[in-house]
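A.B. asks: With the hints as extra help, turn the sequences into a complete structure.
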Amino acid sequence: VNFFAAAAPPPAATIRALEEEGFNVIHVYGLTETYGPAVVNAWHEEWDALPDGERAQVKARQGVNYPVLEDLAVIDPETMQPVPQDSETMGEVMFRGNVVMKGYLKNPTATNDAFAGGWFHSGDLGVWHADSYVQLKDRSKDIIISGGENISSIEVEDTLYKHPDILEAAVVAMAHERWGETPCAFITLKGTAPEMTEADLIAYCRENLAHFKCPTKVVFCELPKTSTGKVQKFKLRGMAEDLAGGKSFMPG
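Start counting the sequence shown at 352; every next residue gets the next number (our numbering).
Careful: at least some of the hints might be erroneous.
What the hints assert, rightly or not - Estimated spans, in silico, between C-beta atoms of each pair:
#1 Arg490 x Phe355: 16 to 22 Å
#2 Ala393 x Glu528: 42 to 48 Å
#3 His562 x Thr462: 41 to 47 Å
#4 Asn458 x Arg490: 17 to 23 Å
#5 Pro435 x Pro515: 32 to 38 Å
#6 Trp394 x Asn463: 34 to 40 Å
#7 Gly468 x His562: 33 to 39 Å
#8 Ile377 x Lys513: 17 to 23 Å
#9 Ala550 x Pro435: 22 to 28 Å
#10 Asp422 x Trp394: 18 to 24 Å
Unchecked claim - In silico lysine-lysine, DSS-like type, Cα no more than 25 Å apart, as pairs:
#11 Lys584 x Lys541
#12 Lys568 x Lys513
#13 Lys581 x Lys568
#14 Lys584 x Lys492
#15 Lys586 x Lys541
#16 Lys568 x Lys586
#17 Lys541 x Lys492
#18 Lys492 x Lys586
#19 Lys584 x Lys568
#20 Lys584 x Lys513
#21 Lys492 x Lys568
#22 Lys541 x Lys513
#23 Lys586 x Lys576
#24 Lys581 x Lys541
#25 Lys576 x Lys513
#26 Lys576 x Lys492
#27 Lys581 x Lys457
#28 Lys541 x Lys568
#29 Lys581 x Lys513
Think of the hints as simulated: they come from the structure by calculation, not from any bench.
Backbone N, C-alpha and C define an ideal beta-carbon position, used for all residues, glycine too.
C.D. replies: Shown next, in the form of structure tokens:
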């Protein structure tokens, strides 16, 4: 069974689990301003020979531009120069072409901001691979800045999803007196999972991530979602703000 995955980047662990059930995931990416999907993870036959874990990681990338999209690039928004295709340097994903919107209705200021430098600014941050495939790392508003280091919430979430007892994970920034911000993880465990503590999960993260990327706070709860199943991170940010301020709440 072939199907398209869009919206938030699917964790590699999720893609691997779907493949084990016989589903072939095709990842696409786009925005309302690009009239829907404008980027596709076009598959290469030689990737079929990759080990399961590596193949899932490749499938989790957003991909390259559709033929109808003139150009796609990962660009430093400060200099408007393309970032190196080194899979590490982060920049903003930008679009250009006649399938990109003309502008926002009766809002010239927002239109000018969106097209600064002659490219449409998606607001999504990502890296560029050597094969020109784009991979999202975060929304610009979701990047966690800790001690001057940028932390991708998606990277932390992807690591959490690899834990066999985690059903759902979402990570947001939480204010920190020393580091400015640190990751705060909200976790839903699988129904069959054994009891897990905050210390257990932080220790797991320290085994799989650079220590500065590890959550300093873990909350076990049901994640708030929209009617379409999208995690409402703005609510989680509010919860993290309360936690940083010393307030308590009853997880759902």
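A.B. asks: Enumerate the violated hints, using their earlier numbering and listing them in ascending order.
C.D. replies: 9, 17, 27
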